[in-house]
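Asks: Protein sequence lines correspond, in order, to chains A and B. So the first sequence is numbered by my numbering: it starts at 1 and just counts up by one. So the second sequence is numbered by my numbering: it starts at 1 and just counts up by one.
Simulated from the structure, these hints should not be mistaken for lab results. Since the model is a prediction, treat every value here as computed from it, not as a measurement. Some hints could be false.
[What the hints assert, rightly or not] Computed cross-link-like contacts, DSSO-like style, restricted to lysine-lysine with a CA-CA straight-line distance of at most 30 Å: (1) A:K118 with B:K54; (2) A:K188 with B:K107; (3) B:K107 with B:K127; (4) B:K112 with A:K188; (5) A:K118 with B:K107; (6) B:K112 with B:K127.
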Amino acid sequence: MNWTLLRGTLHQHRTSIFWFAFGLVSYSWMMTWFYPQLGGTQYADMVESLPPEMLAIFGGTEVSFASLGGYFQTEYLGLMWIIIVASALMIFAARAFAGEIAEGTMEFVLTQPVSRVKVAVTRAVALIGYALVLAVSSFAPIKIFGPKYDIDLSWGTFWQLFAFGMLFMLAIGGLALLLSSMFRGGGKPGGIAAGVLFLMWIADLVANVSEVAEVLDPVNLVTYWQPGRIINGDPVADAAWWLYGILAAVTLVGSVVIFSRRDVA
Amino acid sequence: MDAISTRGLTKYYGRTRGVEDLTMCVPEGAVYGFLGPNGAGKTTTIRCLLGMLKPTAGTSDVLGERITLDGATLRRRIGYVAGEVKLYDRETGHWHLDYVAGFRGSKGVLTKDLLDRFDFDPSKKVKELSKGNKQKLALILGMAHDPELLILDEPTSGLDPLNQEAVYSVIDERVAAGRTVFLSSHVLSEVERVCDRVGIIRSGRLVAEEGVKALLGKRLREIEVTFAEPVDPGFLDAVPGIDKVLAVSDTVLSARAKGDVVDAVIKRIAERRVADLRIQQASLEDVFLEYYRAADGDEAHVRAEGGEAR
């Protein structure tokens with residue numbers, strides 16, 4: 001890894017990192033603040049009475065909205081949070097290789113005495129750092145502000161949620177980084193990664209009304225994303241940890257290998 | 001030792017030719033001009049030399065090291081200035097200087113000198129700079145570390161004549177200090193001004209390689225003879241190597257002489273009373289265009305005259 005490149009990479013993304021982090025902190029704090037008004041009330045009964053297909057849109061089929069985990073999953077983490085963090089990471093990853101190659105700035109970097117492997121590893125580390133910032137911004141406000149609004153998230157639950165969220169983000173970000181290492185121009189890798197995630201979301205939605213789409217469940221990142229279960233103190237499937245972990249590792253290593261062997265021009 | 005040597009260097013982008021079977025040597029301490037029009041393969045060659053492109057075939061050595069895609073230690077000894085400057089728009093000149101210093105371990109020894117000579121203000125963001133000022137920043141970033149080999153891809157693009165001259169004088173100084181310069185350009189006056197050897201690339205192939213002085217001295221001359229009495233317009237046709245004879249008037253003939261034909265021309269025109277004679281070396285531009293006018297079938301002819309095209 002190269003510290004100069006790491007500092008430079010994070011510096012160039014400082015504005016987007018700040019705004020995405022600020023947005024997530026505000027959103028998480030707002031959802032924590034709203035919990036006493038919305039959770040466990042008539043509103044909860046209304047949400048519970050919605051057809052499962054509609055609840056599935058917000059990722060709320062596995063946990064009851066009346067529970068703390070169900071509230072956060074349905075109102076925040078099941079859909080809006082995915083859109084926010086996926087956008088942030090895909091924009092970052094798409095620019096990391098493909099975007100900079102198209103803009104010509106990668107040529108400037110590669111004329112400096114730094115190896116291709118170090119450039120690629122540093123960009124992967126920067127992506128991990130970005131995911132860390134997003135994870136802290138997403139989950140720390142729930143832990144910090146929670147007690148004021150009758151939310152008691154134990155440290156064990158918090159760290160489990162944090163780790164699960166990190167792996168989910170790295171799986172998505174890693175996929176975008178892998179695509180970025182293959183293309184020239186940030187549009188394609190960002191678009192393909194977003195398209196893949198959207199198809200997974202659609203497949204998860206369809207799987208709630210049709211068994212045909214359930215065939216994709218074992219590899220569907222969205223289906224396995226059940227942070228509400230963790231918040232409620234229930235375990236998530238081991239396969240979820242494995243799927244996210246393996247996908248993150250393979251895509252991050254793959255992006256380093258591909259970038260270190262490709263033409264940069 | 002050669003600062004740059006390539007053997008059969010070939011790069012195809014799919015089916016599109018970038019550069020083909022390029023074999024050339026640039027001796028240490030030389031200022032080598034790499035001439036060719038847009039699309040001839042100059043930038044592809046440079047990117048192969050910098051390890052940004054993986055050659056389809058052939059090998060390249062720079063400063064005694066074989067080029068690989070991961071040659072970080074070698075790039076410490078090379079300075080590169082791109083033809084089309086691409087820097088981080090939202091960052092300042094200072095930021096870029098610090099960024100490069102971070103990679104190289106220290107600020108470049110020539111940084112202050114170059115900032116002064118190019119009269120460049122590094123406090124502005126790149127997006128606020130004119131094309132010429134971006135080019136100045138790229139030159140400072142590429143040359144500040146006094147690299148052993150400077151690879152310059154059309155380095156004076158967008159610069160005013162004063163700053164162009166500043167670039168030439170920096171090049172002269174670095175060469176005097178024992179550095180090597182590889183200058184890709186299609187600005188022939190620039191090559192004529194700073195280079196001592198030139199390679200001409202056409203359609204991805206090196207078609208000629210020669211010393212600039214020899215190229216200018218041997219190749220083409222523009223001849224204009226004013227006779228004291230009217231002469232036949234075909235009076236010079238019989239002289240070997242003379243072509244494009246133009247009868248400006250019944251007493252004035254102009255022609256282009258190719259090769260060592262001055263003696264034959266003098267002897268021929270001495271058969272009549274001469275009022276005036278002007279023999280002018282053709283510019284490198286004329287020489288260059290002569291190469292490019294030649295059809296592919298004429299390449300052998302050009303090579304034979306050009307000496308050691310490889």
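Asks: Each of the hints needs a verdict: does it hold here or not?
Replies: Hint-by-hint comparison with the structure:
1. A:K118 with B:K54: Between K118 of chain A and K54 of chain B the Cα gap is close to 18 Å, so the pair holds against 30 Å.
2. A:K188 with B:K107: violated (38 Å)
3. B:K107 with B:K127: holds (23 Å)
4. B:K112 with A:K188: violated (42 Å)
5. A:K118 with B:K107: Distance of about 21 Å is within 30 Å: holds.
6. B:K112 with B:K127: holds (22 Å)
Of the numbered hints given earlier, the model fails hints 2 and 4; all others are met.
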